[in-house]
Amino acid sequence: MKYDSRKYVIITFITLIGIIYVLKLFYMQVVDDTWKLRAQEIAEKRREITPPRAVVFDRNGKKVVENKTYYNLMMCEDEIPEDFDTLAFAKLIGWTKEDVKNRIYNIRIEQDSSWNRQKKIRESNYRSYRTYPFLKELTADEMSTILPHLENFPGFREEVSSMRNYPYKSAANILGYVAEAGPEDVGPRKFYKNGDLKGRTGLESYYEDYIRGQRGIQYIVQDAVNNKVSSFEDGQYDTTARQADPIHLGLDIELQQYGEKLMQNKKGAIVAIEPKTGEILTLVSAPSYDPNYFVGKKNINKYYNELVNDPNKPLYPRPLASAYMPGSTFKTLQSLIGMQEGVITENTGFPCNKSVVGCHNHPSAQSVTQAVQMSCNPYFYAVTRRIIHQKKSKNINEDAAIGLAKWAEYMHSFGLGVRLPSDLTGITPGLIPDPAYYDKWYGHNNWRFSTIRSISIGQGEVQLTPLQLANVAAIMANRGWYITPHVVKSIGDDGPLPRFRKKNYTMVDRKYFDPVVEGMRRCVHEAGGTARLARIPGITMCGKTGTVEDQRNLKSGNLLKRPNHSVFICFAPMDDPKIAVAVFIENAGGGGGTWAAPTASLIVEKYLNGEVKDEAKEKRILDAKLSLWE
Amino acid sequence: MRQNQSLTGSIDWPLLFVVLLFMTMGIATVYSTAYNEEHPSLFDFSMVYGKQVMWVGVSLFLGLLVFLIDSDIYRKFALPIYGFSITLLVVVLFMPAKNGAHSWLGIGDMGIQPAEFAKIAVAILLARVLSDLNVNQQNIRTVFVTNVILLFPMALILLQNDAGTFVVFTSFLFVMYREGITYDPLILGVVNRIPGIRFKQTWLGTHFIPILFVVIFLSITTLLLSKETITLDIFPGEEIPGFYGMVFFLFIFCLLGYGLLRLILSKRDRGRALIIAVLAFVLSTTISGAVNFGFESLQPHQKVRIELFLGIIDEELADEAKDGEDYNRNRALAAVGSGGLTGRGYKNSMLANTRTGHVPESETDFIFCAFAEEWGFMGSMVLVVMYIFMMLRIVKIAERQRSRFNRVYAYSVAMILFYHCAVNIGMNIELAPVIGIPLPLFSYGGSSMMSFSMMLFILLKLDSQRKDVLN
Chain A
-9 MKYDSRKYVI ITFITLIGII YVLKLFYMQV VDDTWKLRAQ EIAEKRREIT PPRAVVFDRN
51 GKKVVENKTY YNLMMCEDEI PEDFDTLAFA KLIGWTKEDV KNRIYNIRIE QDSSWNRQKK
111 IRESNYRSYR TYPFLKELTA DEMSTILPHL ENFPGFREEV SSMRNYPYKS AANILGYVAE
171 AGPEDVGPRK FYKNGDLKGR TGLESYYEDY IRGQRGIQYI VQDAVNNKVS SFEDGQYDTT
231 ARQADPIHLG LDIELQQYGE KLMQNKKGAI VAIEPKTGEI LTLVSAPSYD PNYFVGKKNI
291 NKYYNELVND PNKPLYPRPL ASAYMPGSTF KTLQSLIGMQ EGVITENTGF PCNKSVVGCH
351 NHPSAQSVTQ AVQMSCNPYF YAVTRRIIHQ KKSKNINEDA AIGLAKWAEY MHSFGLGVRL
411 PSDLTGITPG LIPDPAYYDK WYGHNNWRFS TIRSISIGQG EVQLTPLQLA NVAAIMANRG
471 WYITPHVVKS IGDDGPLPRF RKKNYTMVDR KYFDPVVEGM RRCVHEAGGT ARLARIPGIT
531 MCGKTGTVED QRNLKSGNLL KRPNHSVFIC FAPMDDPKIA VAVFIENAGG GGGTWAAPTA
591 SLIVEKYLNG EVKDEAKEKR ILDAKLSLWE
Chain B
6 MRQNQSLTGS IDWPLLFVVL LFMTMGIATV YSTAYNEEHP SLFDFSMVYG KQVMWVGVSL
66 FLGLLVFLID SDIYRKFALP IYGFSITLLV VVLFMPAKNG AHSWLGIGDM GIQPAEFAKI
126 AVAILLARVL SDLNVNQQNI RTVFVTNVIL LFPMALILLQ NDAGTFVVFT SFLFVMYREG
186 ITYDPLILGV VNRIPGIRFK QTWLGTHFIP ILFVVIFLSI TTLLLSKETI TLDIFPGEEI
246 PGFYGMVFFL FIFCLLGYGL LRLILSKRDR GRALIIAVLA FVLSTTISGA VNFGFESLQP
306 HQKVRIELFL GIIDEELADE AKDGEDYNRN RALAAVGSGG LTGRGYKNSM LANTRTGHVP
366 ESETDFIFCA FAEEWGFMGS MVLVVMYIFM MLRIVKIAER QRSRFNRVYA YSVAMILFYH
426 CAVNIGMNIE LAPVIGIPLP LFSYGGSSMM SFSMMLFILL KLDSQRKDVL N
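Residue numbers (the numbering used here), protein chains in the order written: chain A, -9 to 620; chain B, 6 to 476.
Bear in mind the hints are in silico, worked out from the structure with no lab data behind them.
Because the structure is a prediction, the values reported are computed rather than measured.
Note that beta-carbon positions come from the ideal geometry of N, C-alpha and C, so glycine has one too.
A few of these clues could be false.
[Claimed, not checked] Facing chain A, from chain B, some residues (calculated, C-beta under 10 Å): (1) 305; (2) 307; (3) 310; (4) 336; (5) 342; (6) 346; (7) 392; (8) 423.
Using the sequences and the accompanying hints, generate a full structural model.
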């Protein structure tokens, strides 16, 4: 027939379509994963269960941070039906219809927006299929009135959650606070879901991964209207939620409370460290605040502005962030470096020559020990001059640079001028000036010891945080080494992080510490010592006072002179140190021995003896209103 | 007189077997898709699977009837059957709409879709007309009559708002092509009026099926280009619409074609080569332009559908369509994909079933994705191969007929099946736009099951008596 060959057109066509379809099916079902993933996205849902955060104990097993159960009323917009009875719902929770609508509108706005790289537009992070907290932090009582009726209102469900509680109301700066995870932390591939808490500062933030626990995940297959149909693959991929093991702190919460009490009406800091372990026993930032103020929206709304606007700045973590001149406490370090460098021996004496630098009335120091005991300014001026100018270069300015560089290196080995890698947040490095620093001020090779001499007695450019000061005290106690100060003694039963087990040795040998430590003992216990008020019967304590002048040139050209800062570092007992303390009281007036030393001694006595016998001393400190308190 | 053969004497067993196999697999898939724990029985007639069993039973009964009736009846009563079918198509227009289409004739749930049966009527009448002894394929009358037979029901179906079935009717073009029908008389009638032109025949009218593909190819290319813009270094900052690029390419293409023809053709025909090239350029540009500008005037939802199918939609719109316009297709594609190599297992599908309800119509028009999800690539490949086998088998049957009536009818069946399969499966795998037509012998539904069975049993009957007729 004429057109018979046309059957091949048709046969070829049918066969070709068949081959194309089989190839396409092979690609879609076997090779390419796009549609498989899309199927999972459509049908599977992960239901995530967040466990309560880990509880925190202090060194004596007292519960410092615990969880309080509360309820959230959650809302998922997609599950709210068209015929939802808003009026009845509003009545149930005691609102008006408009309140409910406004709340839903606000939830949408609160979610922020983010940049969508694919579409190149900003878009809201709000997703109508996700669940958001509608009402937060309801108590069991409040929830019990709502719960029985909730099944009439699809799209709303209860969620049990937990909120932090701080029974001791102290140590806010150490513990930090938690807040609802922000939009950047919430998502299908991220740990948090809406309404979950996340640590924001302090311990809660630093140990977030250890505190948040293991999230439970339940995979379910859901239908087109989001009802659960079955558990996915019989639940073989599901995991149960597990609360993290408790965190044990080196902190002594009662000592902490006592420290906060002593510092009432004062500004400053107390830091106490167990020298052997580097565990922080107490870290007082004065003034302080109740950490419960940061729990829950209600409290935050109530207290936040008050705290932020307080002229005494309670939110500022003074022991960690505030760098002060260390004053005479710095002399202990100068003597150690001088001996290690060989520019003096323990028996070197210098006359108390008041013409170079002012001093109080005392006999000239004949040894390092005496110099520390009497805190002789001209002595340390001379020592530091020898450290800086060792005649390693003919050019006197170059010589100063070489000497200062070496000196700064020593100081860094004491953890000064560097950010201590602790587990607290908000730590600053303080300042140990090095040649580069002065080059910037005065020009390269344009300065020498006489230019920078105030650093020899801990004034001028040198700045230390109270944490670093306490660490210096701990180094004295250990005679040459320290473990980075930290608050967490043990994560569960695993002990501290590895880096808090390592001893850091200073560049000064063990043998040079004894004369300095003896000088510190005499400071407290011998006549002529500057810290006589720190004596505790039955305890041999070593300490060093510091009196820091607080004056600076105002822009107007006037000199602003305010009362001296009172500083004291100490450790005790001398031969088996259990505690090293640094106290810094801003603008206390008087000297280091007047306020800081007795305060430190009260801490030491409280810690070592469990109680304070000298009530008069205690009362004097408690009643004192210092620091230009406003 | 005819020999009295046994009922099953020369029946085509492979075709019958594959038909019955499809029916069984269809029931099994409908059962697993619509399975309801409260109604576990396959024969629960309140459920779609119970009904499907019933429909298959009715269809087989109809098939038996077809075998008992002499096959000559279709040839004799071709016109009354066609007339009856057209009447039903008219009547159905006055029936209340169901899902937006006036295609349902009956009371309550029980009813038929006359359009499904109209296909058989058209196939029979077309076969009858083309098998008449004095028919001449080149005759203008033949072209006219066959096209009227085709266009009349198509117009009525378009009025029903049943675009799917409307498209299926174009399958008869393949049959006409196979039988040598040519549109030449119509085209020549127009073209030869142009002064100076006198064609005896055109390639255009004869090879309208290849032409059809060229047109489709041209349309798709135009649409793909319509979204693009071209920037030229000569006109910096100017953005030229993609359509002009298309015109430019067509021009170059025709120019090259003309050059080639000049080389091949004799001197005498060179003049024609120019005319052909010009005509080709004018026609293709016209089509391309019509598609390009016609597309802009479509309804937004129609545009989205076409753009989705061609994959030229903006990402933003695609995301939006995922849960709107494209909801069904998107879920169906996901279901196919989730099947993987070996499938999720019988009655264990995640998306395409009525329990989770992610894929609407998963027991009717979208049943392929349900099967593909349960059985994976292994199963879906077997299904595609089975359908291809069935069509090729029918083509083979068609080619062995002595009677032209039988051959035309057989080709009609093959091409109708082909359209249904290609479109239905295609829309589950991104290769065809979503057009609501059932998968033959597989989808749930009485009308389609009965019409396809009757169509195939008539074919089997005709084939079993093929030796009785001479023409």
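Verification of the hints:
Among the interface hints, the one on residue 305/B is violated; its C-beta lies about 20 Å from the nearest C-beta in chain A, farther than the 10 Å criterion. For the restraint placing residue 307/B at the interface with chain A, the shortest Cβ-Cβ distance is roughly 24 Å, beyond the 10 Å limit, so the hint is violated. Interface restraint check for residue 310/B: the shortest CB-CB distance to chain A comes to about 19 Å, outside 10 Å, so the restraint is violated. The interface hint given for residue 336/B holds, since its Cβ lies 6 Å from the closest Cβ of chain A, which is under the 10 Å cut-off.
Interface restraint check: residue 342/B against chain A, minimum CB-CB distance 2 Å, threshold 10 Å, status holds. Against a cut-off of 10 Å between C-beta atoms, the interface hint on residue 346/B holds, since the closest Cβ of chain A lies about 5 Å away. Taken as an interface hint, residue 392/B checks out: its beta carbon lies about 8 Å from the nearest beta carbon of chain A, inside 10 Å. Interface hint status for residue 423/B: upheld, as the beta-carbon distance to the closest one in chain A is roughly 6 Å, under 10 Å.
Going through the hint list in order, the structure does not satisfy hints 1, 2, 3.
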